[in-house]
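8 protein chains.
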Amino acid sequence: MDKREIRELLEQVARGETGVDEALLQLKMQPIAEIGDYAKVDLHRGLRQGVPEIIYGAGKTPEQILGIARTMRENGQETVLITRMSAEAAELVGAELPLRYDPRSKTGLVGPLPEPTGKGLVVVATGGTSDLPVAEEAAVTAEALGNRVTRLYDVGVSGIHRLLSHMEELMSARVIVAAAGMEGALPSVIGGLVDCPVIAVPTSVGYGASLGGVAALLSMLNSCASGVAVVNIDNGFGAGFMASVINHLD
Amino acid sequence: MDKREIRELLEQVARGETGVDEALLQLKMQPIAEIGDYAKVDLHRGLRQGVPEIIYGAGKTPEQILGIARTMRENGQETVLITRMSAEAAELVGAELPLRYDPRSKTGLVGPLPEPTGKGLVVVATGGTSDLPVAEEAAVTAEALGNRVTRLYDVGVSGIHRLLSHMEELMSARVIVAAAGMEGALPSVIGGLVDCPVIAVPTSVGYGASLGGVAALLSMLNSCASGVAVVNIDNGFGAGFMASVINHLD
Amino acid sequence: MDKREIRELLEQVARGETGVDEALLQLKMQPIAEIGDYAKVDLHRGLRQGVPEIIYGAGKTPEQILGIARTMRENGQETVLITRMSAEAAELVGAELPLRYDPRSKTGLVGPLPEPTGKGLVVVATGGTSDLPVAEEAAVTAEALGNRVTRLYDVGVSGIHRLLSHMEELMSARVIVAAAGMEGALPSVIGGLVDCPVIAVPTSVGYGASLGGVAALLSMLNSCASGVAVVNIDNGFGAGFMASVINHLD
Amino acid sequence: MDKREIRELLEQVARGETGVDEALLQLKMQPIAEIGDYAKVDLHRGLRQGVPEIIYGAGKTPEQILGIARTMRENGQETVLITRMSAEAAELVGAELPLRYDPRSKTGLVGPLPEPTGKGLVVVATGGTSDLPVAEEAAVTAEALGNRVTRLYDVGVSGIHRLLSHMEELMSARVIVAAAGMEGALPSVIGGLVDCPVIAVPTSVGYGASLGGVAALLSMLNSCASGVAVVNIDNGFGAGFMASVINHLD
Amino acid sequence: MDKREIRELLEQVARGETGVDEALLQLKMQPIAEIGDYAKVDLHRGLRQGVPEIIYGAGKTPEQILGIARTMRENGQETVLITRMSAEAAELVGAELPLRYDPRSKTGLVGPLPEPTGKGLVVVATGGTSDLPVAEEAAVTAEALGNRVTRLYDVGVSGIHRLLSHMEELMSARVIVAAAGMEGALPSVIGGLVDCPVIAVPTSVGYGASLGGVAALLSMLNSCASGVAVVNIDNGFGAGFMASVINHLD
Amino acid sequence: MDKREIRELLEQVARGETGVDEALLQLKMQPIAEIGDYAKVDLHRGLRQGVPEIIYGAGKTPEQILGIARTMRENGQETVLITRMSAEAAELVGAELPLRYDPRSKTGLVGPLPEPTGKGLVVVATGGTSDLPVAEEAAVTAEALGNRVTRLYDVGVSGIHRLLSHMEELMSARVIVAAAGMEGALPSVIGGLVDCPVIAVPTSVGYGASLGGVAALLSMLNSCASGVAVVNIDNGFGAGFMASVINHLD
Amino acid sequence: MDKREIRELLEQVARGETGVDEALLQLKMQPIAEIGDYAKVDLHRGLRQGVPEIIYGAGKTPEQILGIARTMRENGQETVLITRMSAEAAELVGAELPLRYDPRSKTGLVGPLPEPTGKGLVVVATGGTSDLPVAEEAAVTAEALGNRVTRLYDVGVSGIHRLLSHMEELMSARVIVAAAGMEGALPSVIGGLVDCPVIAVPTSVGYGASLGGVAALLSMLNSCASGVAVVNIDNGFGAGFMASVINHLD
Amino acid sequence: MDKREIRELLEQVARGETGVDEALLQLKMQPIAEIGDYAKVDLHRGLRQGVPEIIYGAGKTPEQILGIARTMRENGQETVLITRMSAEAAELVGAELPLRYDPRSKTGLVGPLPEPTGKGLVVVATGGTSDLPVAEEAAVTAEALGNRVTRLYDVGVSGIHRLLSHMEELMSARVIVAAAGMEGALPSVIGGLVDCPVIAVPTSVGYGASLGGVAALLSMLNSCASGVAVVNIDNGFGAGFMASVINHLD
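Residue numbers (the working numbering), protein chains in the order written: chain A, 1 to 250; chain B, 1 to 250; chain C, 1 to 250; chain D, 1 to 250; chain E, 1 to 250; chain F, 1 to 250; chain G, 1 to 250; chain H, 1 to 250.
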């Protein structure tokens, strides 16, 4: 129940169209009523930005995902983003709902892609081609949340010229997501080249002493460049979400 | 080969004094010439934003810090921020230059505090009073970089009402820095309450299984709230800098 | 040498059939006789409290589980709790014995659920829906050990209002089990809200820097709230057992 | 704002005494009202139980500790427990306030020891004499919180007969605190001997592969005995507090 | 080239039968001569003690294992011990050679069990039934190397009376292998009860904070009992071998 | 902007068709033009040394590997080395291109083996037979890059005479690759015996406290011998490549 | 209830002064009586072997150490070994008791060195001179416990000939203590050369990736040689004690 | 005793100037004689290259260092390199011997710097100014071992243009030492730019999640560039030594 609805309810009470008990019941039935405004923030954001609801698919059965998505759609949510979605879930959901599924990043988008509402450009860069699934999760998330996205893939620091040949794109970004596994140096180099915030995403790409992405994570946390902050290993969604939040700041 | 030299070369080509092949060779031999411009970007930023130069004081002698600060001032840099500055260094620098020194956060500011140029408010919150040194490093950094800062200290999650009683300040922020040691849960709770980006700073406050801040760091990286990104343990400067970068986005 | 044998020996001494030195020697050679009584303590507890015997199913074959359960039943144990029980084992055991099997928590209960004998209410709370298997292991264990249990699932700290809207249940608990993965902050927040003991259970929910639940474990060990103690990662059984022990204190 | 107040507000709206905008504002502005009550819970607890306020002395100057203690006393708090208190702080505080200071556990108690209000006996056991500082922090904390405490020191598992010769004390406990460093096995052995809850405290006693207490911590988390829960390394206060909470359950 | 040979060479030089350059070359080319004798030590040991050759089966195909075993037999080695042997390998080897295969410990013995040559008794004790595979690897290894072995399984420290009721066996051992997972306390308790050397084997039994046996390993390394030394996690073979070496000391 | 385009621009300047300012602007906008030359360095190296292109097969489908290899061949690259190549990929590639596939090291070589161009001998030594896959990856890589390779397998430090009996080969090497798992001591011993650089490769061979090769890695990093440097766990390719780089130094 | 009391009770039963039931009750009420005998085992050992009592000096004040040593001496204990003894403690104790203090290993021996009672020779070997303090703690401990000790210092694996030139001493040992820091390879090499048991002691010698001795510890646990077992980092005492236990086996 | 001396001895034997027994004795008196050639390699190197002996100063008293250096000088060793040398040791040694001491890297050089004998240039690069002590240890070591060294300090990856502006020096190197703390990315970037071998040295520069240099170490081990190998944290000596070994390859 958002501000508009509460206002409407109060006006009904003021006009005598709704009784006090009935209004109290309605307020109580929405568990958020008293705490409330915080939850409304969420709803407000949804209304204002036209952003999709998000389903974290990991650990949910295809049936559960379909059920949640269906309910959201029935409640007027046009667009639903599903992350960590298996091919099986995609098949089941796609049979009933209008789904675009990206098998590389395991993301699915039910309904139309929203118009870009972010103020600038989100650039998503990766060190290597193996980081692509994580980077695409970030990119698709950012797009689904209303951002224009430019992808710069395979611009890792061991071939620094490849990165430098894309200075124009980097300089044009309002926020950059930099995903890298192994030695995880990409965000540090990019952070030294640009002015804008850099969201670093370590990936679990590598073996042995990469320790499942911990090496890249530590590397990014110790970045000698300022203006870099880090999310969890393989958390493309979190990086894309954070980028979108920053890109939507007025 | 800098811009002036390239211009000269081009003019020689235009005048026919230098052949095309010779010019091509010269351009190829100096691959770094234009790269140098990236450094200028940094300088541009400094000039455009009126931000201070920053000296990382750790591992530098008081004399070295004074020397660097003096040189910066002589080169027209009005404001200089010094982090991880010992009391000894503060005494030495303060004897010659106009220094405001904060012993808690070990930060010193030479010259006038710049006018706020950030677009909104930076809120710096801490879980406990012991996190104050790190939080103040973030707050002083943000102020020195031209941001209005509101401090919400000792609003840790084990007394959730203290945090909730400051909803208004939290909601008014354009970006929030949340510093916490021990279980490091503050950014997760704040991230669930607000719309704006949250920069999480783990602190080394705690003992035993806090592992010098690693427990808080891991906690923050695994935040169940979206819109949270993390910097290094005790990296108040990095958090304040990142907050400023975000707060200066047009 | 059990009680009967010692009695016999003493009677022989009383009748003069065995000398004092000989008896002393026999007693010394069997140092464990009285120690055996400690085991009886265990048996006493079982008889006194009507609690079920417990089979830890991990690493046991379905046949082994059935065999143990059957033997317990034949020895008069009405109720048997089986944890970490595979679906295969459930099928086999259920074909012969009256089994209620919960596939989510992989717990099985042979025989009737005992009447609640605990003095108060055990509340089991979780941060997210993915923590449910661990939480249910705790809840089913507590119920099987004679406790009334209230479940508060998906009340994680990133939506603090969901947790706060259940203050009444939390305040009514005699002991609370709080299960959470990822950043593991739930026990800290709950511990700050209530008076009663909180048993924290880290879960292995998460990925990357969650390190299989270690992040949540460390977070809980460093809880800034007092009145919180921790069990092993995913150890729902241990948490439910500890809660029951506390709840049965007179 | 509770149910009654919301009803009153709605009735005012219905009667036209309060405008819709005004009501909306009130609903939005007071989300914390009920939350505030939680804080009162804390206060209630203090008043009801006569327990002391607690000052965590680590990282506080002697002057700060004195200041806080003085204020508490002036506000009617008779007893104040100070943990991690340096000898210097003890000297300063003791010069003004009635302080009993224990240099081994670095705890200080201002004012009279409260009458035992706990329902049973708290037993504090240690593996070795080196664990004594942590154990005493637990024991003094429990005493300061109104519990009778029995100390069983140096009953480590490498001399199992020493522990077994104290079965009577162990069996008489309502809750046991078991502190041990090195291999940390004491809680597991005690947990197998008794019925009551065991709070395990790993200590940082040891060297090399004890990893500052992590070895003992892991050992305790993996205890093969049920009815054992763990607090942070060297957290004698937390163990004593938890024991007191359990011992005060009706 | 031993002392005698060098003398001979020098004499040849003195007699002019060998040139200086030739002698220099011979001195340089044969640095390994004496070293080679060390290898003979190994062979001597085998012949003197009648111990079996040992094949570490992990990472070898069934065909490779059969091939090695067959060759050993053809070279007069009566008994061959194969560890980490898969059921497939056992089937293949058993079809051709006289094999006794123990599926629990995955050990196979080709040929007759040697007569016990060890001077005393090897006791193999375990904390729980899940440690049995590792313990059996130790027991079978010790038996194959010529030791009498007594097994004391499931005598873990959470039921200390079970262990104490076997004091006689423990006291009769010349060397004890103590295998335990989880909290790994068994060797510490046994080490405090007996005079003889204790070889501690951590097992990977457990979950969560057992960290694949690292918790038990650390616990054992920090044993508060003297006379305990540790082998690698799950290294039943190494423990059995070490026990045999000790038991064969004259 | 490549060399051709710069030449064209310079010619336009020479012809007066483009002004100096305009040309300067164009050059500044394309800061990477000359950087591109660094890539040429790579190409130069390929052409100069006749070394193969390398495909890292992990995470690529058989079809992708075939496609890349085919393209390389069509562009005149005679020899292509493929590492971490599955048997499936080998089957697919081998059906179309002349492939030699080594299933142990999972390396494939398309086209002829280049003539040795390295200045000396590369020796690849292993501690045990289980290290063979990593060692072969190193050996095949070195051969594919134009080096003569001698293999010394199963010369681990627990049978030091085996190693010492190969002193001649060791002394004849220009660079040595030493691969070992478990305790990883081989490079330290070899490093103490020879003059030439030793590249140490930890392998993930082992179990328990080998921690997936981390034990061997740490051992090698702490080598008490000088002249030893280390690559990632199981990184046979990296060791072979490094050895080749050193062996091709003039 | 000790042996005397049990005898008395039995005599009362024999005299008819105490009934069987009453005696049975008394025996049951004192379960520890016979357990106490285990402690006597310890005493017996002391008397039988003439071994010294041992004081672990770490964490004890000089006064405490003196007090304990004095008491032991007054109770007839001729020889007392004190480990981890500071120079201050040595000065205090030495002023009153006949003390030989070794400042390198920080061990002190009060009273005469016992005659060697061990059956063979204990060899203590170290990788480098920096391992000497730990090695001397082992050597002095072994000597104080009645063993002949040969020291082989600075025979590390990076100069394998130094080790090999001492084959005779190694072969003459009944048990070997091998102490090494850094890469910790010494026990593996020695274990491959000899027949007798090897006790490996990792030392904290090293820096960086030696992780305070953890690298050496892991290396030793993963030893590719059989017949090696490991004690805690820097635990020279434990190694010397274990060696003595083995060397005193009949 | 090197080749020349052995030849001389043999010639004396051939000429009858030295008896066989005397010659045998001389060969035996040099403990290395039989093992021998390995040690001679070391001596050969010394003679051929005129390289200094090296004293590792850590853990040695000033007096010990002076004693060793004096002995070396008396035995004809002109140049002695001392690493990890305290200022106190430098004062003592410098009072007697011709010492050049560098307080930043804590290295001292007794005697003249040898003429460069390496075949090419060693470049030592660092990420930041704080890495200078480690880099200087590498540079001074390389110089002392007979190499020309170029220093490129403070060319870290967050200001990539600083590094790129030194391409000429980088391209001119025969081997590069790259030292970096924090995120440790420098070797990866350099490794992608150059053809020659890169020795990576992680430094302990940083705080928090740098984990004392472990973050940089892991980053370097996971380098996405080929031709990079790693030495221990802060091991400037090892890197300089390895660089010298490579640079002296014919």
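Hints are supplied without guarantee of correctness; some may be wrong.
With a straight-line cut-off of 25 Å between C-alpha atoms, the simulated PhoX-like cross-links for lysine-lysine are [to be verified]:
hint, chain 1, residue 1, chain 2, residue 2
1, D, Lys-119, C, Lys-119
2, H, Lys-119, F, Lys-119
3, B, Lys-60, A, Lys-119
4, G, Lys-60, E, Lys-119
Please keep in mind that the hints were generated in silico from the structure rather than gathered at the bench.
Checked hints:
1. Restraint check for Lys-119 (chain D) and Lys-119 (chain C): the C-alpha separation of about 14 Å stays at or below 25 Å, so the hint holds.
2. In summary, the hint linking Lys-119 (chain H) to Lys-119 (chain F) is supported, as the alpha carbons are separated by about 14 Å, within the 25 Å threshold.
3. A threshold of 25 Å between alpha carbons decides the hint, and for Lys-60 (chain B) with Lys-119 (chain A) the separation of about 41 Å lies outside it, so the pair is violated.
4. Our distance criterion of 25 Å between C-alpha atoms is broken by Lys-60 (chain G) and Lys-119 (chain E), whose separation comes to about 41 Å.
Violated hints, listed in ascending order, are 3, 4; each of the other numbered hints is respected by the structure.
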